[in-house]
Amino acid sequence: MTRRGFALAAVLFALVVIGALVGGMFFASLEGIRASRGVAAGERALAAAERGADSVMSVWDRSRTARLAAGDVDSVTLRLDDGGATVWVTRLDDATFWIVSAGWSGGATAADAATRRINLLARLTTIDPRPPAALVTAFGATVEGTARVSGIDGAPDGWGARCGDTLTEPVGGIASPDPSAMVSAVIANPGALEGAPAVRAALAAADSGVSPAMGGAAWRALALDADTVPAAGAGVLLVDGDLDLVGPYRFDGLIVVRGTLRTVGNGVRVHGAVFAQRAVLGVGSSEAWGGAQIQYSRCALEQARNAMRPHREWRRGWVELGY
Amino acid sequence: MPHHPHARRTGMTLAELLVALIVFSILCAAIGALLIRQERFARGTRDALSRHVRLREGLAVLTRELYPVSPRLGDIAAAGDTLLDLSVTIGGAVACAASGAEILLPAPSIGGNTLAGWSEPPAAGDTLLVLAREAGQSDTAAAWRGTAIVAVGAAAAGCPAPFASAAADRITLSAPQEPAARAGVPVRVVRRYRWRLYRAGDGDWYLGAQDWSVERAAWNTIQPVSGPYRARGRAGTPGGPRLALIGPAGVPIGGAGDPRAALGVAVVLSVDRAPAAGAPARFDSVAAFIAFRNVP
Chain A
1 MTRRGFALAA
11 VLFALVVIGA
21 LVGGMFFASL
31 EGIRASRGVA
41 AGERALAAAE
51 RGADSVMSVW
61 DRSRTARLAA
71 GDVDSVTLRL
81 DDGGATVWVT
91 RLDDATFWIV
101 SAGWSGGATA
111 ADAATRRINL
121 LARLTTIDPR
131 PPAALVTAFG
141 ATVEGTARVS
151 GIDGAPDGWG
161 ARCGDTLTEP
171 VGGIASPDPS
181 AMVSAVIANP
191 GALEGAPAVR
201 AALAAADSGV
211 SPAMGGAAWR
221 ALALDADTVP
231 AAGAGVLLVD
241 GDLDLVGPYR
251 FDGLIVVRGT
261 LRTVGNGVRV
271 HGAVFAQRAV
281 LGVGSSEAWG
291 GAQIQYSRCA
301 LEQARNAMRP
311 HREWRRGWVE
321 LGY
Chain B
1 MPHHPHARRT
11 GMTLAELLVA
21 LIVFSILCAA
31 IGALLIRQER
41 FARGTRDALS
51 RHVRLREGLA
61 VLTRELYPVS
71 PRLGDIAAAG
81 DTLLDLSVTI
91 GGAVACAASG
101 AEILLPAPSI
111 GGNTLAGWSE
121 PPAAGDTLLV
131 LAREAGQSDT
141 AAAWRGTAIV
151 AVGAAAAGCP
161 APFASAAADR
171 ITLSAPQEPA
181 ARAGVPVRVV
191 RRYRWRLYRA
201 GDGDWYLGAQ
211 DWSVERAAWN
221 TIQPVSGPYR
231 ARGRAGTPGG
241 PRLALIGPAG
251 VPIGGAGDPR
261 AALGVAVVLS
271 VDRAPAAGAP
281 ARFDSVAAFI
291 AFRNVP
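These protein sequence lines map, in sequence, to chains A and B. With the first letter of the first sequence counted as 1, position 53 gets the number 53 in this note's numbering; the numbers rise by one all the way through. With the first letter of the second sequence counted as 1, position 266 gets the number 266 in this note's numbering; the numbers rise by one all the way through.
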């Protein structure tokens, strides 16, 4: 007997309808998942970019500062678990760096991959390459023995090729807010002071919290940023208290002392500039002009600036770069 | 006509038909119920995805706009629980040459290092800011100086060394920026935007943006960017979309507060759909704190 029914057709129809509905639901869910994964990949790429930039800033290669001229570019690549970042550092001028960090997040498919780029501006704390004098004090200086202070620009020994021409116009020898106090200071040898003028009035490092040697930067910031770079041969020496330099000793760069600077014995050589509350130079020195010598050096100060770690420009320093 | 008393009949009996009808009805009812349930589920899933997309879109747009805000420089002109009046940084570049009121900026490059990048290209009416620091000037004395852009065009030649590029954009300012503007100086371009949570003509709430018309010295018509969102002020739904400037220690900055102290924006976006008969109302929300990147 042949029976004709439509149950099979009805079931098939129902299966097709249900299949279409389920398929549509799957498709919509898949699209949602893809979109979410795309957003997540973008956020991971942005995080990678920020990490790359922060990494370069926090572990700053100090030799980079000395190495790069305006327009030069240095690059670093950072690998992360599911992506990474490439960071380009371009030097813009003596104190400003342009940092581009391109972060990417990887994935099993192209849909999971994303790239984001950010830009940071970073700046070196400014060291004034032309301080008022080779030695700037708040409460005067005593120059004993065979010590000498010179405001005539001179390159440190062996730095001729690195420094180029020296300034023809000297800075002062010693600067103090009250030059009359300097007149009464003990200056053992005629000619121990050189400069234009040898003694001059200038506001000095009287404020214990701020250093005029570095553009008014706060002491704590300086303590974080300053360092010496052996490769550059110069640096910044910050002393929160008194400093005794016992010869023979050589330093090229900037010395900032919040207390009293004393040089003892023969052979103390400082090229650059010194800011101190008080200075007692040449204690126990006997060699002819060999006791202690502080000589202004623009080149040493410029090299010392390169020993600073740049800090982020917080005022509009961060921006995401589109295309 | 011959009669065949034993011929086999091929039809169904009445009982068979009734049974078949009953079974088929039960099957139809079951399948129908299943289909309705599936359809409801599919619609619910679709709605949920749509809600998520709206929330994600709104948050993504606000995040991108708010990250580069620098409150201490006055980028936030006004703020409320439905409004943010901002100077939005649309990108930055390094000037490769400057003369008079004209500044040359490298064209953005897609891959590798770039000395320019824009989320939107600079245009007349935007403000170009130059990070001005004179030689020997202290670091803290450096400042962003702004000048209005009056024209933007492609430069005939690219940028010269040391910031060389094959293509460049020529920006004409309303006034010379020398000597601050020079090769190697960083610049930013900002554009005024007003972001609002507002009720549109269709009665729904949207996140929208208005840009500033320099010619008319007024805001252009608001354009919806994302939405619709849950209505604000509806009885029993105090959790509608809202914005709040957040200051130090997580304290909201009220209308009388100083927006310069803001550290970020707390954003709450919520979406819902009209409840079906007998079904509970469904809504989703997202709450996020967007921290400004340009605060110490």
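In short, the hints are calculated from the structure, not lab data. You may find that some hints are simply not true.
[Said to hold, decoys possible] Listed next, the stretches of chain A that the computed footprint assigns to chain B, with coverage defined by at least 3 CB atoms under 8 Å from CB atoms of chain B:
1. 21-27
2. 69-79
3. 271-279
4. 306-315
[Stated by the list, open to error] Listing some non-contacts, in silico: residues in chain B with all C-beta distances to chain A over 12 Å:
5. Glu57
6. Thr63
7. Ala124
8. Ala156
9. Val214
10. Pro224
11. Val251
12. Pro252
Ideal placement from N, C-alpha and C gives every residue a C-beta, glycine not left out.
These are the hints, each one checked on the structure:
1. 21-27: Since three or more residues must qualify, the claim that chain B covers the segment 21-27 of chain A holds, with 4 doing so at under 8 Å.
2. 69-79: As far as the segment 69-79 of chain A goes, the hint holds, because 6 residues have Cβ atoms under 8 Å from chain B.
3. 271-279: Per the Cβ count (0), the hint is violated.
4. 306-315: As far as the segment 306-315 of chain A goes, the hint holds, because 3 residues have Cβ atoms under 8 Å from chain B.
5. Glu57: Non-interface label on Glu57 (chain B) violated, nearest chain A Cβ at 9 Å vs cutoff 12 Å.
6. Thr63: violated (9 Å)
7. Ala124: Answer for Ala124 (chain B): holds, closest chain A Cβ roughly 19 Å.
8. Ala156: Its Cβ never comes within 12 Å of chain A, the nearest being 22 Å, so this holds.
9. Val214: holds (21 Å)
10. Pro224: holds (20 Å)
11. Val251: Correct as stated: the minimum Cβ-Cβ distance to chain A is 21 Å, above 12 Å.
12. Pro252: holds (23 Å)
Of the numbered hints given earlier, the model fails hints 3, 5, 6; all others are met.
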